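So the protein sequences, as listed, match chains Y and U.
Mapping to my numbering: the first sequence position 57 is 289, numbers consecutive.
Mapping to my numbering: the second sequence position 131 is 267, numbers consecutive.
Honestly, I wouldn't trust all of these hints.
To be verified - List of simulated lysine-lysine pairs, DSS-like, C-alpha gap at most 25 Å:
| hint | chain 1 | residue 1 | chain 2 | residue 2 |
| --- | --- | --- | --- | --- |
| 1 | Y | Lys-401 | U | Lys-244 |
| 2 | U | Lys-260 | U | Lys-272 |
| 3 | U | Lys-272 | Y | Lys-501 |
| 4 | Y | Lys-401 | U | Lys-245 |
| 5 | U | Lys-213 | U | Lys-260 |
These are calculated hints, taken from the structure and not from any lab test.
For clarity, every value in this text was computed on a predicted model and none was experimentally measured.
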Amino acid sequence: MDLGELIRYGFMQRALIAGTLIATLCAILGVFLVLRRFSLIGDGLAHVAFGGVAVALLLRVEPAYTAVAAIPVVLLSSLGILKLTEKARIYGDAAIGIVSSFGIACGILLTSVAGGFNVDLFSFLFGNILSISRDELLIAAALFCIVVVTVVFFYNDLFAITFDEELAKSSGIRAGRINGVLVVLTALTVVLAMKLVGIMLISALLIVPAVTALQVARGFRTTILAAAGCAVFSVVAGIFFSFVMNLPAGGAIVMINILLFVVAYAFRKTQMRGRGALP
Amino acid sequence: MPVDVLQVTGVGFRYNAADVLSDISFHVRSGDYLGIVGPNGSGKSTLIKAVLGLVQPMRGSITLFGTPSPQFTSWRKIGYLPQRLKFADPHFPGTVEEIVRLGLLAGKKFPRTRTRRDDEAVEKILLLMGIAPIRKRLIGELSGGQQQRVLLARAVVGGPDLLILDEPTTALDPETRDNFYAFLHELNRTHNTTVILVTHDTWSIGKYATRFLYVDKRVVFDGTFDDFCQSGEMTAFFGLYAQHQICHRHDPERRGSNGPR
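Looking at chain U on its own, in the form it has when it is part of the complex (with noise of 0.2 Å):
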């Protein structure tokens, strides 16, 4: 039986007092493209954070890849996209391709010296991404959709096995984000990547999710995209005005032909 890449069980988490999360649970197996969904406010970024190991929670368990959270070190296996950087400085001086090969250390034992395969991997995810004639621009000089593609290259360029990305399309324009998923479909489709997507563009879950999970605090409904706009049981628990807004948030410019299927 193969092993599940993630496997939340019973997490809770409180902050000044309040729950955060309450007893989530779920679990993402191998090729899985999940895309989490919840107002705001409701405890996702907790717990990506939680998933990732960079806050503790406080209640129950998670498991990577088979190793509880605490002890697992194998973090090359895992990229991540978070939603908002320090990279928005624009005074920072790092050009694209030392940003993109900063995604190398995480498999790399210390001092994490740099090697011909790594030159070679970035090179690789510059042509793929491309973001190769950009190579030598500074981060802070690119706009918002190339800093996110230089963003999401640091985050593949090893080659994870498990891709976490935190509401990564919030900056872009409806065109480089259509192109930022379709690429997000092909990892997922051609490499077997597993994806875990956060966001509030329910158009895109509904175009490429596999599973989809909405948090509220809690695990309110985890299924597919289709089954949760056709839930009797969903449209009791929202109503039917706000299941049909969340089953039909799209842009203006995808309504019609790109719409949700």
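Bound-form chain Y, shown alone (with noise of 0.2 Å):
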């Protein structure tokens, strides 16, 4: 079977359409994320997002809506890290660690409490992009454009308090409320991106795309476009690639995402020793 005909497909083209929006959206707040040392968030919430997906099996929600039904739960954590960090003189990545584990231990004594699940969680677990269905598809659209007009309204807000965050204050920018938008867009996206690579390997699209445009790119805005495009690169060849080879598409997505950080980091360091620049 061809790649031409492959694109045929309608599951084949819900799940490129689909990876595509989320693969854009985990790069544009990745380089964020990643430059405020706040990467493991996605992570954390991805692991938040396993007691959300629980819950919601176990209320019996619809198929299509059970990622949907975690977000208050995924909202209110990211919510919840960021009050931590702020309030409770915790540092980031400990705030990070409590509610991811609080996260999964939900999900655990829910699971246990319904007497186990069926494949359902296990396609969050892993993400099964080539399973979504025509309303995840809407979905996903819907919070990409929500997602994705924030960022350009906050842009440079957001950009101010990535540089430096002091300063973004001395000019007025209320920091903490950005912060506060930063945190929910990525709550929103770790739930969408939940079927494309599963709970287990979010994080690194979130962290890949965004070191491996660092690597390279010149300029804050170059960065996220150098991310979204390595970022949607992989995914549409980690999903070709996983449908040919019969792998799962998250790891396929994941590894493409690495072999692309080598490449980059490589060509960065050729090019500074061509420069006779310290690595």
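Join these two chains into a complex; the hints should help.
This is the structure:
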């Protein structure tokens, strides 16, 4: 079966569109999160999402809306991480650790109470983009629009607090509110990305395209564009590769991402040696 | 009667049950060049942060351009250059031009969109500060002196009425430092920009500042630098040796013709 033929399948079209949307979102937000030393928030929120999905499955929510049902739990947790960091004098990584383990513990307990779940829970744990339904695609598209419009509106503020929070505050930018916007957008994106690469690999989609772009891009805007380009390429290539080789899409997408990072890193090292700069 | 640019009245701040600032009062008028000096841990940076609204004083009040600090919103009137920044991260991907442009955000309403006037203002300041040739370089790739020029450009691109600098020349070599102070002096003299400079470098205070504030958790002295150096009261307070150290603390390269006046 060639690629042209493959692309005519409805499930493949849905997977490619949804994958492109989600990967773009992860890459854009990933640049801000990585530079703000908040990389692992995606991982933490994904673990919380596990708890949210467990609640939704326990309540027998329609499969297409299972991820959406997890949104309130993930949103609250994202704000919880922020509050713990700001108010409780807890470092960001420790706050993520607390909320993340709380989410996983809830998920495990609920799974046990319900006597174990079927394959649905596993599709969220490891992702299954090829099984994405039309309704799920529409939900992904709607959330994509919300997140992209918000990032565009808040771009300058997000850039300012990413460069230096104190300087941003001295310009009258309400850093606390912008941090809140960033974690809420991340929470929505994490919920979307569960279906693409699974809870276990979401952080890779947030972190790896960003650090790949940071190896080669010159300028903040170009870093975001380069990260989005890497993420979209890896998702499209990963989906095709996984289908042809009969492998899980999530794992293939992340491996291609890592490969791109290695290439970008080697490219930068070669350039620096050429210029006689230190590594 | 002209409104004071800054009025600080009875400001106090405590941290972990210890006084960081106690009953601080002073004012700054339009066109002043105020140098603030004090030993390490004397509360200078906390005072600046309180003026900028980054920390809330526990006692007293701060008024900026006639407006009480909590209600103050005209942040475009203030340019700020802090002591230490995250830009020390060599991997931060912002270019010189992008960083300078950040200085225009304060004067804009949300969503702070870019205009042609912004482009013109950025172009003008890049040329004025001599950093136009490095506009596409990443901030993390620059030397300490170049970074400081970029950050000063960011602070002044919006044409602030008040420029606040917190130990801005710590990492600079003497020549770059002299050029930096000469530029500040020019801004103060020709544009009537009010300058508040926190520094350990009393040579620059002696040469350029019109007023001198010695802070050690409280205001110890408020007057001109020359008055401070000649004050018998300050000699009694500090002792002759310590007063001499403050008045003649400058780099060996500056001894001789370039020394304090």
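Margin query: Taking the earlier hints as the rules, which of them does this structure contradict?
Written below: none
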